[in-house]
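From first to last, the protein sequence lines are chains A and B.
According to the working numbering, the first sequence holds residues 1 to 588 in order.
According to the working numbering, the second sequence holds residues 1 to 583 in order.
Simulated from the structure, these hints should not be mistaken for lab results.
Check the hints yourself; a few may be wrong.
[Said to hold, decoys possible] Examples of chain B residues lying across from chain A (beta carbon under 7 Å, computed):
(1) 104
(2) 108
(3) 135
(4) 220
(5) 221
(6) 243
(7) 414
(8) 417
All values derive from a computational prediction rather than experimental measurement.
Even for Gly, the Cβ is constructed at its ideal location relative to N, Cα and C.
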Amino acid sequence: MKNKFLIYLVLVAILSSGCKDLITPQIENNRQLQESYNPSDAKFPYGLILNGYTRIPINSWSFNDVATDDAVTNDKSSSFLKMATGQWAANNNPVEQWSNCFAAIQYINLTLEQIDKVNWAVDTTVSRLFNMRIKGEAYGLRALFYYYLLQAHAGYGQDGSLLGVPIVLHSQAVGDDFNLPRSTFKQCLQQIEADLDLAATYLPVDYKDLTDNSQIPDKYGTVSKEQYNRVMGKTMSGLLSGRVAMAIRAKAALLAASPAYSSASGGSWASAADDAASIIDLKGGVAGMAANGLTWYGNASEIAALAEGQNPDEILWRSNYSESNDLEADNFPPSLNGKGRVNPTKNLVDAFPMANGYPIGATGSGYDSNNPYNSRDPRLSDFILVNGDKAGVNNTVIKTAADGGTNDGLDRTETSTRTGYYLKKLLRQDVNLSSTSTTTQRHYKPLIRYTEIYLIYAEAANEAWGPTGTGGHSYSAYDVIKALRQRAGIGTQNGDAYLESIKTDKDKMRILIRNARRLELCFEGFRFWDLRRWKAPLNETATGTSIKNNQYSTINVENRLYQDYMEYGPIPYSETLKFSNLVQNKGW
Amino acid sequence: MGTIYAGGYNKYISRQFQFSSGIDADLKDILPGLKFKSNFAVDYATAYSLSYNYDYATYEPIWNSYSGVDLISSLNKYGNDATSGTQNASNSWYRQTIAFYGLFSYDQTFGNQNNISAELVANGYQQSESQIYHRVSNANLGLHLGYNYDEKYYVDFNGAYVHSAKLPEKHREALSPTLSLAWRISKEKFMHSGTGFINDLKLTASAGILNTDLDISDYYIYQGYYTVNGSWYGWKDGVGFQATESRRGDNPDMRFPKRKEINLGFEGLFFNSSLQLNGHFFRSSSEGNIIQAASLFPSYFTSYWPVSSFIPYVNYDNDLRTGIDFGMDYHKMLGKLDVNIGLNGTYYNTKATQRAEVYEDDYQYRQGKNIDGIWGLQNLGFFESQQDIDNSPTQSFGEVHPGDIKYKDQNGDGVINSQDEVFLGKGGWFGAPFTIGMNLTLTYKKLTLFLYAIGRYGAYGIKNNSYYWVYGDGKYSEVVRNRWTEATKATATYPRLTTGSSDNNFRTSDFWMYKTDRFDLSKIQLNYDMTDLLRRKQFVKALSVYISGSNILTLAGQNDVLELNIGSAPQTRFYNIGVQANF
């Protein structure tokens, strides 16, 4: 009797514990891809494409400018510093995009394979519109990531052919053949264009709320404006739009037409100019250039008014805003409680022309090397803190002279400048970092600015049709540059005599346009790849200015130790070992 | 102090409940020697805290000097005295363990010499704990069959049939057999007659395959999954949601990692049992250890941020450990001196027999090398001059100057980089390759001396902490005194100093390597029993005085490195004088 009771007890105990984890594992919510998705579950497949958005390489500031002749960093452990001073290698590549971009492409391919399985909304028309929009986003993003892959990894293989990266158009899984060869640059470019063509067929040019059914593009069929606005309305304006796809096309076309790739890329200057012009036309030509676009990062009232993903005049595509002071904490001079990280070089300072529009070395410029910041391009004081400039909430005078007496002076402490200059661009001077009253300000990261598009046009049109050629458009490279210089406030007193003097000289114009790009887009991560794209010298020593007893002298701050083959980035070393079909670029 | 006096109170309550019940049945009616045993146990532990948390005021005196006398002029009050009257219950916790086993055993001797034993066990237990979703579980069936003839020849078979819910459905069970043989050779006639000094000697051999899920860290790791709690992305200034991220790939073929073991050994007593010796050889190969083999997949299959992985867990790595251990114990009275010497030691070697890895150069493969290998560059001294730098392979760890460490180009490609890293030595991370322990007890009348020493040999370390790697604005230790300068280039033992960082010098290489061989006198104690001296004082039952020390002495080539702690409390030697009394 007693035995029976005990056995019974044992059985009850085992059954009550349910045998979970003993015989079979306790259930876990480990979600899998499905054969179909309900509208209530549509977040799950859409969440896949967000892996594309979160991986956009320019979502945050990289400051790879400190590996160029534009700047150095005082952070001795910076990987960019190490790269610029001789440590760049296929297995030590701070500008690698391979893993990040291909991971994004994997998720985008997964998304594309799910889209048709999803009931995006109960309303089948809305569901169809979602289906189109998300396909468009996916194709557009895939093109974006292939563009960044080409920028960072395309190059000439051992056999002398211009190679791109493997083209992967389906999601990959365990058991697949990963040993894929690199497609040529030309094939990659064609793939980018094909994806952008598809994106254009699915996406509206802009996400905005329509007020009348007649405004709905034909490609969406019979839908009401309410149905349209729900899917493509203004609340979606932070997503990849048709206009963004056009900008990606222009960027890719410029890359392909550039000297480093033009011989085998299949790209041409004229098509790059046409691609840029199609956006400029939408923007209203040269006159559409945002008047306050130069200081987009500091236009306080404009930034305060940002809402619902809407773009300021200068911005084509941007990230969400956030309240922060990280940029300032990194880059303010030490006396304003910053770390003084990015130090612009004298090379860059010298690239700013005089206020009269002449380069400082040109005759008639009026440049005085003993008073070098006098009568200079107003952008210089917008972007760079020079000795004696004022900065911060209290307009503190920043003394960068070696004998300036504060920690802001040249090489005083580990947070002092190494060049005699501090960064001012991108930073909001109304951020206070004092420990007793630390404040933040609203920041956002532009993903594409219209200024970049104008500069793409200027560069490509000058090469294709000469400084004043229009190629059938209503403006020339000269017109664009003139407008940019006017916006910057140079040459306004003398009718921009310098620009007028070179407007028939394509070569001088090229130098001017490249310099304009250098100045307008400085510290925004362009210079590193522009130098390579142009086949420009990579090893200009980064210099600075030492001021003692009011005497200015130029100092060498940091050598640039790039080899010739470093015009093109490497394929990751680990991948070339794993996959024999992956040819390394020459020299790496 | 204030917290104790006025901060309220906190009551910690812990309850334990233990229940155990079993059946013991002698089934000799069915078969002589057959028994059944079963046990079922529940342990339940629960704990929580009940507290009243009171605020209290603190006062800061403000001192002022009045005509040369310091007096308190006022008090600053911080906080208020307040009793909330609220009882807080916190830290509640429970743990429940349910264990069950059932056992049939059989033990019988036939004809005085044939001993047969057998056991069949079913065993399971499960432990659940608060706030932990999965329970710790274990279920297996075991079978033991044993036979010995006259305690001379032994044959044992043990088999365990294990079940694990951590594995995919068709691979949840596995059989782990072990076979052991033993021969008490001292019972053989030829040993008896041949030698007189052997009291007992037994030779043993065993081999087995063990399946275990102990190293499977979690449930469902065979199953890939997506999470909807990925990185957040917003597109409307604040509106957005979290990405759907894959966190691992599928592997429906996951199996138990196996351990294949072979043991050979002997144990014996000699010379009137005053000397005891034993020794074993072991070889243990663990196969199919579960890893995420990133090198079998493209790099983009995994990323740290955003957190994403498509890589499955697979049974891949194999490790081999072989070695011997031995022990000796000798006990003898030499006149009035009682001597007891013990010695034991282990020597083992490890080898990674299978690894998922891809390297260009053969010497870089971890497979075939020790598991605890230190990998790094080989140094060739310092660069003597700019000319020396120009004539040497390019070093890709930043600009080099005379006085920087020069490395060997292993693959001859003219560039020194991480591909030139080779196996430098054993790190001894799982214990030094050769360990020896010794103890000695000498007793003479009332005086006892005890010594314990331990020796560790065969491993290496890297001098890579901030004491040895000094640069920039760090603190400079005495090691830089003999740094490289133009004047000291012939005798320098430390690279040139730099105000920057030096990735070229401060990286793992044999320049920084040292032997961690050491022999430690861990414990020494001298004891004197004084009970007899105090015999008249009856209330003291026992009294002894002792002097002892711990970590007294380290004999090593690199004492200064081994006995140095940076960034933590220093190592100590410990001396003790004591009296021990029983009343």
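Going down the list of hints, with the structure as the test:
A least Cβ separation of about 15 Å between residue 104 (chain B) and chain A goes past the 7 Å threshold, and the interface hint is therefore violated. For residue 108 (chain B), the suggested interface contact is broken, since its CB lies about 24 Å from the closest CB of chain A, more than 7 Å. Hint status for residue 135 (chain B) relative to chain A: holds, with the closest Cβ pair at about 4 Å, below 7 Å. Look at residue 220 (chain B): its Cβ gets to within about 5 Å of chain A, closer than 7 Å, so that hint holds up.
Proximity of residue 221 (chain B) to chain A is violated relative to the hint, the smallest CB-CB distance being about 10 Å (cut-off 7 Å). Annotation: interface hint on residue 243 (chain B) holds; nearest CB of chain A at approximately 4 Å, less than 7 Å. For residue 414 (chain B), the interface hint is violated, the least distance from its beta-carbon to any beta-carbon of chain A being 12 Å, above 7 Å. The interface hint given for residue 417 (chain B) is met, as the beta carbon of that residue sits about 6 Å from the closest beta carbon of chain A, less than 7 Å.
In this structure, the hints that do not hold are numbers 1, 2, 5 and 7, in rising order.
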